[in-house]
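Q: Chain order of the listed sequences is A and B.
The numbering of the first sequence is numbering that gives the first Met the number 0, which starts it at 0 and goes up by one.
The numbering of the second sequence is numbering that gives the first Met the number 0, which starts it at 0 and goes up by one.
It is worth saying that the hints were derived from the structure and are not from the lab.
Some hints here could point you the wrong way.
[Stated by the list, open to error] Stretch-level coverage of chain A by chain B, calculated; a stretch enters the list once three of its residues show a Cβ under 8 Å from a Cβ in chain B:
#1 5 to 17
#2 58 to 72
#3 140 to 154
#4 170 to 180
[To be verified] Chain B residues, not near chain A, derived (Cβ > 10 Å throughout):
#5 30
#6 31
#7 42
#8 72
#9 142
#10 154
#11 156
#12 160
#13 161
#14 162
#15 170
#16 244
#17 245
For every residue, glycine included, the Cβ atom is placed at its ideal position computed from N, Cα and C.
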Amino acid sequence: MIRQILIICLMLIPFFSLFLRIPTVETESVTAMANTVGLTVILSGVNVWLSMTFAWWLLWTESRWRNALEWLVFLPLFIPMLATLFGLYLILAESGLIGTYVGVMISLLVVTLPYSIRLASNGMAVIGRPLLEQARLLPFKRRILFVLFPLFSRTMRTIALFTTVILLSQFALIQLIGAGLIPTVTTELYQSYAGNNRNLALSNTWMLILIPVLIYFLLSVMSRWTVRILKGRLQ
Amino acid sequence: MLRSNVALTIIVSLLPLASLIFLGMEALGTDWGALFTDETWRDSLFITLYVVGISTFLSLVIGTWLARVVVQKRWRFTSAILRIPMFVPHIAAAYLFWLLFSGGGIGWVEANERNYMTVILTYIWKETPFVFLMMLGTYEQLNRGYVEMAKTLQLSRFDQFKHAEFPFLIKPLLDSTWILIAFVSFAYEIPALLGVTYPKLLGVLAYERLSTGLYLEATEPYAVALIWTCLVGMGVLVSYILTSSIRRRIERGVRR
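Make a model of the complete structure from these sequences and hints.
A: Structure representation (C-alpha cells):
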C-alpha cells in the first residue's frame, strides 16, 4: 500500500507546481486559438481515418508487400523528429508550402500518423480476425457505422487524444514550417515561457493541460451518445 | 476507397525518407573537417549522449518494473494514474518542472543548470508511462507457467526474471529504446526551456543555427541531423539483426 501511494505521489508531484502561484487570466490571441482548434479537429479526423483504414488493410491483406509496408509506416518512429522536420522544411520550401496551413498540416500528419497507425493496428489485433470476419459481409457504410465505430470508438478517442497532445507539444515544427505566420496556442505560449511573467506562463500551462482533458471528455461523451443511438436503431 | 487511403498513408510515410534524401543533398556542401573539429558541436554531442543515455535507461528500467508490479499486484488505480503524464504536452511538462525546481530548487537539483538534471527528470516523467504501456501488454499476456517453473527449479529472483520474463520483453524493449532515443536525442522544446546556453543539446543547437538569421546559409544543421539519423538507424538495424533469431524463436513459441 505504501509503495503504491509513493508511486502515485511521485507521478503527481509535478502537478503541485500548478498551485504554487495564481494564474493570470489574460485573453489569448483569437487567431492562435482558432488555428489550434482547427488543426486539432482536422488532424485528428485525418489521423483516425487513415490509420483505421490502413490497420484494417493490414489485418486482411494477403499481399507479399505486407511486411515491407508495415515496416515502412512504422519506420518514421525511429527517425528523430527534428531531422524529419529539417528535411520536410527543404521539401516544402521547394514546393512553396512554407508559411502555409497546408505545409503545417502535412508536417504534423507526418509526425503523428505512425503513432496513430500503431494504436489502430494494436486495437484491431486485440479484437482479432475471427470476430471482425463477419463485418466484412456488410456494405461499407453499414460496416463502419454499426460495427467498426462502436468497436473501436475507444481506440479512435485515444488516437485523437494522442494527436492533440503531439500537436500541442510542437513549437519548433510549427514555427519553422509555418515561418512564424501561423500562430497556435503553443507558439504563443512559448513566448510567455521565455519571458519573465510567471503567472501568465502558469495560466498558459493550465490551458495546455486542460485542452487534452476537455477533448478526452468531449469525445467520451460523444462516442457514448453515438453508440447508444446506434444500438437503439439496431433494436 | 480503401486502396486510395492505403496509398495516401504510404505516400505520407514515405515523406520522412524523402526528407532524409533532401537532407543529404543539402548537407553536400558541408565542410566536414570543420564540423568534426568544432568544439561547440562536440560538447553538444557529449551532453546529448549523457542526457539520452540516463533518461532512456532509467525510463526503461522504471517503466518495466512498474508494468511488472502493476500486473503482479493488480493495481488498477495506480495503472490509471501512471498514464496521466502521457497526456501532458511536453512543453507544459517542461514548465511544470521548471516551476518546481526554479527559485532555489529542491535540494541539489535546480532548473537551468549544466548537469541537465531537470531535463532528465522531465524526460523520465514523460517517457516512463510510454514504456509502462509498451510493457504492460507483454506482461498481461505473459505465460505465468514459465515463472512458476523457474520458481520450482529454485532459481534466484534475478535468474527467474532473466529466463522466464526477459526473453519475452526483448521486442517491446527494443522498440521502446529506439523510439525514446530518436525522440529524446534530437528534440527542441524541453531542453530549450530547461537547458543552459552552453553546452546545448544537439537538437537545440541545430534548430537555433537553422532558424537564427546569423546562420541561415549554414548547412551544418542539416549535416548533423543526417549523421544523427544515420547513427540511430544503424543502431536500430544492428540491434534488430542481433536479436532476430531469439525474437523469431520466442514468436514461434508464443504462437504454439
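Q: Next step is simple, just say for each hint if it's right about the structure.
A: Consistency of the hints with the structure:
1. 5 to 17: Per the Cβ count (10), the hint holds.
2. 58 to 72: That given contact holds, which follows from 3 residues of the region 58 to 72 of chain A lying within Cβ reach (below 8 Å) of chain B.
3. 140 to 154: The restraint on the region 140 to 154 of chain A is violated, since only 0 of its residues have a Cβ under 8 Å from chain B and three are required.
4. 170 to 180: holds (count 4)
5. 30: 18 Å, holds
6. 31: Nearest chain A Cβ is 17 Å from residue 31(B), so the label holds.
7. 42: 18 Å, holds
8. 72: It is violated; residue 72(B) is separated from chain A by about 8 Å at its closest Cβ, not greater than 10 Å.
9. 142: Non-interface label stands for residue 142(B): nearest chain A Cβ at 18 Å, farther than 10 Å.
10. 154: Check passes; 24 Å lies beyond 10 Å.
11. 156: With a cut-off of 10 Å, residue 156(B) remains clear of chain A, as the shortest Cβ separation is near 17 Å.
12. 160: 18 Å, holds
13. 161: At roughly 23 Å from the nearest Cβ of chain A, residue 161(B) sits farther out than 10 Å, so the non-interface label holds.
14. 162: It holds; residue 162(B) is separated from chain A by about 26 Å at its closest Cβ, greater than 10 Å.
15. 170: 13 Å, holds
16. 244: 17 Å, holds
17. 245: Per Cβ check, residue 245(B) is outside 10 Å of chain A; nearest 19 Å; holds.
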